[in-house]
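Number of protein chains: 2
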Amino acid sequence: MPFQNLPGFRDFYPEECSVREALFEVWRKTAERYGFERYDGPPLELLDLYRKKSGDEIVGQLYNFKDKGDREIALRPEMTPTLARMAGARQREFKKPMKWYAIPQLFRYERAQRGRLREHFQWNCDILGEESLGAEVELIALLIESFEKLGLTSKDIVVRVSDREFWSEFLRAKSIPEEQHYEFFQALDKMEREDPEKTREKLGPLADEVLQAIESRATNARLREVLDRLTALGLKDYIEVDLRIVRGLAYYTGVVFEVHDRERQFRAIAGGGRYDGLVELISGVKLPALGFGMGDVVILELLKDLGKQPKRIKRPGVFLVISDEAFRDDALRMAGALRKSGYAVEYSLAPAKVGKQFQVAEEKGALFALVVDAQIEEGRCGLKDLHARRQEDVAFQISNGRITFQPALPLAPDESLIG
Amino acid sequence: MPFQNLPGFRDFYPEECSVREALFEVWRKTAERYGFERYDGPPLELLDLYRKKSGDEIVGQLYNFKDKGDREIALRPEMTPTLARMAGARQREFKKPMKWYAIPQLFRYERAQRGRLREHFQWNCDILGEESLGAEVELIALLIESFEKLGLTSKDIVVRVSDREFWSEFLRAKSIPEEQHYEFFQALDKMEREDPEKTREKLGPLADEVLQAIESRATNARLREVLDRLTALGLKDYIEVDLRIVRGLAYYTGVVFEVHDRERQFRAIAGGGRYDGLVELISGVKLPALGFGMGDVVILELLKDLGKQPKRIKRPGVFLVISDEAFRDDALRMAGALRKSGYAVEYSLAPAKVGKQFQVAEEKGALFALVVDAQIEEGRCGLKDLHARRQEDVAFQISNGRITFQPALPLAPDESLIG
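From first to last, the protein sequence lines are chains C and Z.
Numbering follows my numbering, with no gaps: position 230 of the first sequence is 232.
Numbering follows my numbering, with no gaps: position 188 of the second sequence is 190.
Since the hints were derived computationally from the structure, they do not count as laboratory data.
Each hint should be verified, as a subset may be incorrect.
Note that the list lumps identical chains together, so a pair holds whenever it fits in one copy or between two copies.
List of simulated lysine to aspartate or glutamate pairs, EDC-like, C-alpha gap at most 20 Å [stated by the list, open to error]:
no., residue 1, residue 2
1, Lys-313, Glu-27
2, Lys-31, Asp-416
3, Lys-68, Glu-112
4, Lys-310, Glu-18
5, Lys-342, Asp-331
6, Lys-316, Glu-365
7, Lys-68, Glu-364
8, Lys-366, Glu-95
9, Lys-386, Asp-375
10, Lys-358, Glu-95
11, Lys-306, Glu-23
12, Lys-192, Glu-59
13, Lys-355, Asp-331
14, Lys-316, Glu-27
15, Lys-313, Glu-180
16, Lys-70, Asp-58
17, Lys-68, Asp-50
18, Lys-316, Glu-34
19, Lys-316, Glu-39
20, Lys-97, Glu-39
21, Lys-55, Glu-74
22, Lys-98, Asp-244
Note that the coordinates shown come from a computational prediction; the quantities given were computed from them, not determined experimentally.
Chain C extracted, bound-state conformation (with noise of 0.2 Å):
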């Protein structure tokens, strides 16, 4: 039998992949357009990194295994645990505030069911070593530029953003005890899928009062100086404050947030917040910082819904059409003069009949055939417009490698290839 890939694990045909890549491109251009950074750390980490970040009960989710060293290891589920490690242990080497991201493959061990998978890849944002909120409106615009670039819009998604500090105030105000603050967050998160007989019975005696502001889209200082900003940069018809956002995880501090296309049918797209006390939990290094993920399985289903799937086209802009084998080392000589210059070419890496070559040309979706036959002793050769379907001769030079025509040939270097 033959092989296959290990279930909830991607091939990435070329088709597959011009998709992903399209999608990593923006990411990394609207990422280094805001002043961010790219950095990287290794898929596999002790499993205790991440022990100590979410405690024991993590362990059951993660890919982790025994290495041959019998050192516990997990292959990386998130990657703000390597950011932290990474950035406390040489933070003092870096102006603050550090603009960095990164486009990690990320793993878990799910229950293999069906479509479930157990990997993805996820593009990470971090502004680390400044408290000001600043910060926030930085990271949130920075996160709706880059649905803008795959051409969404506020009709297609909406960004729920709430504060964590907001409920701390409230519980304190209320003298509940710091231990029973996960506790109450954990059923703000839960309530959009519970019942709400079930909601008010875990917030008690509290449950009018949590429910009134969350209704009434209650804010505070914080949120409203980032809801102010943010509508001075023309973004409020994306924002909505929603005191539910709390991001499950235990180690958010400040304002968070979480992205979901308006239909609701798909899970969240991408989430985030602020996170102060991670870095010095992981490598005793105080740093405030925040950030988000991003997948790429949610927004290339949605964007797949919406008919607007990201793709790198990329085509020969040049196929060169061999006449006749004495001219394969003459048409050789023009590919490598094309390509030195910028453009990409291909042509039949075995003898062929020109029709045939011809064709191979249009399947590939080339713009220009340039036919080489004896006319090439005399620098010319037969130029043919694709898509316009017009052919001319057009004369050529070769120097120091690279190649010029006359006329010049109507198409920018890598323009075949930009998607």
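Since chain C is already given, all that's left is putting chain Z on it; use the hints.
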């Protein structure tokens, strides 16, 4: 004690990551100009996939473990078995030849010695479904072009080319039984690092003839055709026939090659060849194939040694200087419009003195500073060229979220991000 990365695994801080990404960019662009399409597979496969290709001995070198479902798993040590699995499974859907590339991270469980890595990245380019020698020429030309793009010439590197068939024919002519061929190839593979007497001993009665063929750089018709075409392409200076090159592994079937630095200070930089039997072995589908792999570690060591380390330059095109917090919203709007227009933009996320903001702009290597002050109400701001140290007032307009300046900003979008 703070957490550390696992032995043999690298952290890529922004500085190192920028070098890595610059190298990947050269690999990606070169492959795409040659019409190769990107693919990727899972970083984990069944251990048996590698056993099937390389025998049981390979297991000692692999980063393998048992997963929670009691499967024997390995982190991929090379890409070719995954490629053979994927290509075999769906080859009917693709026109031949398939020209595919990937940049996977690969893993080995080497004994943890100083500086010995357990992971590296490797550029893989393969051509599947093409028997003609035109494929070898294309692949070697592509490989050389990637070196030229990195600033290397035939003075820096050499491509040593051989043909496994040269020796297979030789051994058949001598009636040496097939089962002794592997041993013969092992002797050739080791001879550069071994005492000549030891080699003679291993080669036995064939020694004189074999050494004579190697010394005289003997060729066969296939090698001559490849050499002639590469010569026509102007790549002669890069190529040396070297019949000692057998590429250690058992699965190569035809032309093989290996790239070394001329000074021979480093391990092989890249290597590859034709492996017509592998896809069938893995997937049961006959598909001729050839390819090469180039790791990130050796080439970056060589480039560093030659002072040619690649690097993507990333710096803000524009740094916004906020003269007073009252203008922060205006500055944010401007940042949004500039970024939407393709510029890399930064500004101080927290309130800061104007002098400090200019200092940060300089530290970050920004090309221009835009001073946002009271003039902003009239659609004007101060533009300072931070390199020419010239300042002038310019008018601007924001419409549809994009910004235009009068006079125009002397900076192309993304210009500051290109390496």
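Comparing the hints with the structure gives:
Taking CA atoms no more than 20 Å apart as the test, Lys-313 paired with Glu-27 passes in both settings, with 10 Å inside one copy and 18 Å between copies. Proximity of Lys-31 to Asp-416 under the C-alpha cut-off of 20 Å is found in both arrangements, the shortest distances being 18 Å within a copy and 9 Å between copies. In this assembly of identical chains, the alpha carbons of Lys-68 and Glu-112 lie at most 20 Å apart whether taken from the same copy (18 Å) or from different copies (16 Å). Taking CA atoms no more than 20 Å apart as the test, Lys-310 paired with Glu-18 passes inside one copy only; the shortest distance there is 14 Å, against 34 Å between copies.
Taking the closest pair of Cα atoms, Lys-342 and Asp-331 come within 20 Å of each other only inside a single copy of the chain (16 Å); across copies the shortest separation is 46 Å, beyond that limit. Taking the shortest Cα distances, Lys-316 and Glu-365 sit within 20 Å of each other inside one copy (12 Å), while across copies they are farther apart (38 Å). Taking identical chains as interchangeable, the C-alpha atoms of Lys-68 and Glu-364 are never at most 20 Å apart, the minima being 52 Å within one chain and 48 Å between chains. For the identical chains of this complex, Lys-366 and Glu-95 are inter-copy neighbours only, at 14 Å across copies versus 49 Å inside a copy, given an alpha-carbon limit of 20 Å.
Proximity of Lys-386 to Asp-375 under the C-alpha cut-off of 20 Å is restricted to the intra-copy arrangement: shortest distance 14 Å within a copy versus 56 Å between copies. In this assembly of identical chains, Lys-358 and Glu-95 lie within 20 Å of each other by CA distance solely across copies; the values are 19 Å between and 60 Å within a copy. For the identical chains of this complex, Lys-306 and Glu-23 are intra-copy neighbours only, at 15 Å inside a copy versus 29 Å across copies, given an alpha-carbon limit of 20 Å. Taking the shortest Cα distances, Lys-192 and Glu-59 sit within 20 Å of each other inside one copy (18 Å), while across copies they are farther apart (52 Å).
When the C-alpha separation of Lys-355 and Asp-331 is checked against a cutoff of 20 Å, the pair qualifies only within one copy, where the shortest distance is 17 Å, while the shortest distance between copies is 65 Å. In the homo-oligomer, the alpha carbons of Lys-316 and Glu-27 lie at most 20 Å apart both inside one protomer (14 Å) and across protomers (16 Å), since each shortest distance falls under that limit. Taking the shortest alpha-carbon separations for Lys-313 and Glu-180, neither the intra-copy value of 49 Å nor the inter-copy value of 49 Å comes in at or below 20 Å. Taking CA atoms no more than 20 Å apart as the test, Lys-70 paired with Asp-58 passes between copies only; the shortest distance there is 17 Å, against 23 Å inside one copy.
For the homomeric pair Lys-68 and Asp-50, the shortest alpha-carbon distances inside one copy (12 Å) and between copies (19 Å) are both at most 20 Å. Proximity of Lys-316 to Glu-34 under the C-alpha cut-off of 20 Å is restricted to the inter-copy arrangement: shortest distance 8 Å between copies versus 23 Å within a copy. Taking the shortest alpha-carbon separations for Lys-316 and Glu-39, only the inter-copy value of 8 Å comes in at or below 20 Å, while the best intra-copy value is 27 Å. In this assembly of identical chains, the alpha carbons of Lys-97 and Glu-39 lie at most 20 Å apart only when taken from the same copy (13 Å versus 39 Å across copies).
In this homomeric assembly, Lys-55 and Glu-74 come within 20 Å of each other (Cα to Cα) only inside a single copy, at 16 Å, whereas the closest approach across copies is 29 Å. Proximity of Lys-98 and Asp-244 under a CA criterion of 20 Å is satisfied in neither setting, with 31 Å inside one chain copy and 54 Å between copies.
The earlier numbered hints that this structure contradicts are 7, 15, 22.
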